[in-house]
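Chemist: Letter by letter, the chains look like this.
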Amino acid sequence: MTETMEGAAGLRSIPALLRRNATTFASRPAYREKEFGIWQSWSWSEAEAEIEALALGLIEMGVAKGDFIAIIGRNRPYLYWSMVAAQSVGAIPVPLYQDAVAEEMAYVLDHCGAKLVIASDQEQVDKVIEIQDRLPDFERMIYLDARGLRKYDHSALTSFENVQKAGREAKDRLGAELEARRTSLGYDDTCVMLYTSGTTGKPKGVVLSNRNIIETAKASCQFDALSEHEEVLAYLPMAWVGDFIFSIGQAYWAGFCVNCPESPDTMMTDLREIAPTYYFAPPRVFETQLTQIMIRMEDSGRLKQRIFHYFMNHARRVGPKILDGESVSAGDRLKYRLGEFMIYGPLKNALGFSRVRVGYTAGEAIGPEIFDFYRALGINLKQLYGQTEASVFITQQPDGEVRSDTVGVPSPGVELRIAENGEVFYRSPGTFVEYYKNAESTKDTKDPEGWVATGDAGFIEEETGHLRIIDRAKDVGKMADGSLFAPKYVENKLKFYPNILEAVVFGAGRDRCVAFINIDLTAVGNWAERNNIAYASYQELAQNKQVLDMIQDHVEETNASVAEDDMLSGCQIHRFFVLHKELDADDGELTRTRKVRRKIIAEKFEDLVEGLYSGEDSVYTETEVTYEDGRKGKIKATLFARSPKVVPVASQVREAAE
Amino acid sequence: MKDAQGYVTADGRQIGGVLMEMKNITLRFGGVVAINDISFDIREGEIRAIIGPNGAGKSSMLNIISGFYTPTEGEVFYKGEIRPQMKPYEVARMGVARTFQNIALFEGMTVLDNVMTGRLTHMNAGLFSQALWWGRARDEEMDNREHVERVIDFLEIQNIRKTPVGRLPYGLKKRVELARALAAEPSLLLLDEPMAGMNVEEKEDMSRFILDVNDEFGTTIALIEHDMGVVMDLSDRVVVMDYGKKIGDGTPDEVRGNQAVIDAYLGVAH
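Residue numbers (UniProt numbering), protein chains in the order written: chain Z, 1 to 658; chain R, 1 to 270.
By construction, these hints were calculated from the structure, which means they are not laboratory data. These numbers come from a predicted model, not from an experiment. Certain hints may be false.
[Unchecked claim] Okay, derived cross-link-like pairs now, EDC-like style, lysine to aspartate or glutamate, Cα gap no bigger than 20 angstroms in a straight line:
# : chain 1 : residue 1 : chain 2 : residue 2
1 : Z       : 348       : Z       : 324
2 : Z       : 34        : R       : 156
3 : Z       : 34        : R       : 153
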């Protein structure tokens, strides 16, 4: 580990990196945002001027060193500037999830004691106003978009332009103060505080220091040879550590340009226009895109379909090999070239992947078919494994060693250790400082030597040195007969079917496994349309007999595949329901990063779980749902259980194996 | 509450003087009296609703305001002057824009092009210059495009900018129509049943946009609407019509308490 007090190349903070970039890359673009139909751009030196004006404005408003500034909104240059401006004045930026409801925000804002909130628009301002009585430390709010806010009481509300204007006017007076605060930033001072989405319990504030961020950015930029010529599209939540590393850490270290979409709905168009060279997306995004491509291909003519499948089959066979630099016959190469011209090139262009040099996916397991599809097209899609506490990177796949079932080798500077119970531990320069105001959790997660528990169970493959993750360590349990229960392993297999959006498997301490399944409305809806199946609602479609038959087929195939693994063959699904509602973060069933909250689901749908175990054919249930605006409603439905075939596994065989 | 200088609304907005005044308007189609001797005014900066049961004469009234119909009797004052009989495009030039109950967009054109048509009254370059896209025509187009983009941004329809209108769902078409009307930078915006056929969520969106338009650009808005809840929440003052007659006029609260209005809406025993 490189432990330098003076920072990397003498640069100890993000504002210091900004200063360097404004000199070195002065006229290169630093930020772009599409607004009014045109990509507006700011060079590094312009960005520095904007950030400085804002920082001076913050000092003018009375922001002190060590204050927390909450930042809420979608990815916009102004909000990235807000983070760096906050750092410049010695304050700590705390980005929040913009789709969080007021209640969730109240907890975080109160916990960090933010005095100042920078919010993007009326929606966010309203949420903060709603809860401000419960925030003793809250003083003022800055907003970006004035729309709808003119009539508001402006005693504690200021516009972003006003703050910048005040900053520019105060430059002579406060310039020295800003400079002093900027230069006093130390390598071990807090860079940012990010709240984890909280798969269990309340969110925790992860404190990351300048060292964490800069060392991580430096190592990961070297790993993939990222330079100032990269283009990224910033579209993932700003509160997520990944966005902070990609759009601030690495962008400032390497000096590349961060592009912000026009609106969340235009993401795909913007992606295509920018054609990023460095791209990150969770598996879900790749899945959705693939589903859409396949749906559209089914709508096209017979000839086009045949050409598409002909070349895609070829690509699946040789594409990944070409990408990994393995030997491929000249004939196959030639045919791949032709395919590139006919299919792959245009397809990549339509997806916005024409220039992708390095692409990552993480967060969840990605289906091998999905992964191979993109690699076959010649997109260098890789997997990484990380978490907020590690400043993202724990392991990642080097070029040429990419597989769908591993998450790669330890990132530069990261040490790995597997505990007795299979839990993965790591130690790295990116390891977080602490959980804010939560010494107990810090102690539970990070030991005095700096080893951090990931909470995931996995093992390192001996021959390759790659890490493989099986499941959440605490989710891995035992069934009644003592065989291994790894729900996520089965759920992932199920989710690889385009028709299945989400699956939750139960079975810890029981004699057999049962499951809840969410259909994917896009895929199943399209299928229903094609097969002349009429339906009026999600609910109705979900309980349609033919849909249930189709899902049952998928479950049976999954069971067969699960049965192949001796250790996990007990996890086959004996009965399942297709749920009448989509699992939703607003109802607390998923985290904001869309991970299943198993315990909450088990409690909420207790009647259904019991129904599955008691062997009833159908169960009537009422479920409370929360609408986007916070109102509550009820969904009533009768669900029909199915009992898919299970591959018999003689328990003697298992005992013998143990 | 009301005087020549205007008034202040419950939420603290300053409403200006009279923008348009309808004086003793009567409209007959042969023997049918669609509108019978109605007078009311629309003030600058306010949201003015016209409500009433089916067949009350609301749309006819809106058509008189927009200059599409000429009243059989009575006069229309606009900005203090009697408005002579005009062609619809002349009315549009005067700063009146409208949306239609049955969407009237160019289905085959993109959203952007449709909204651009709203700028027609702001295009003055000659045919020759437009054909060559040179000089004045070019400057004008860039100017207009910028304005249109602001409207698109305002109404949050960036994602369908290049989509042909024919492919859009109903609720979005309504929004595009509003965009086209807004692109004309009207001083008076007429909305003919802006929420008709919408679901609750679309209605909420549309209401927010109407309020924001009024708030942001200070546009005076006159609207016809069936949905009582929406009307009462949105408007500053309401005219109630029944069988071609005005049976009520005032703030939503006043109108709500008016016996004639209650009778018209709920029916009375004859």
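Chemist: Quickly compare the C-alpha distance for residue 348(Z) and residue 324(Z) to 20 angstroms and report which way the hint goes.
Modeler: 19 angstroms, holds
Chemist: Given the hint that residue 34(Z) pairs with residue 153(R), does the C-alpha gap stay at or below 20 angstroms?
Modeler: 11 angstroms, holds
Chemist: Sort out whether residue 156(R) lies within 20 angstroms of residue 34(Z), counting only the CA atoms.
Modeler: Given that 20 angstroms is the threshold and the Cα spacing comes to 13 angstroms, the pair holds.
Of the hints listed earlier, there is not a single one the structure fails to meet.
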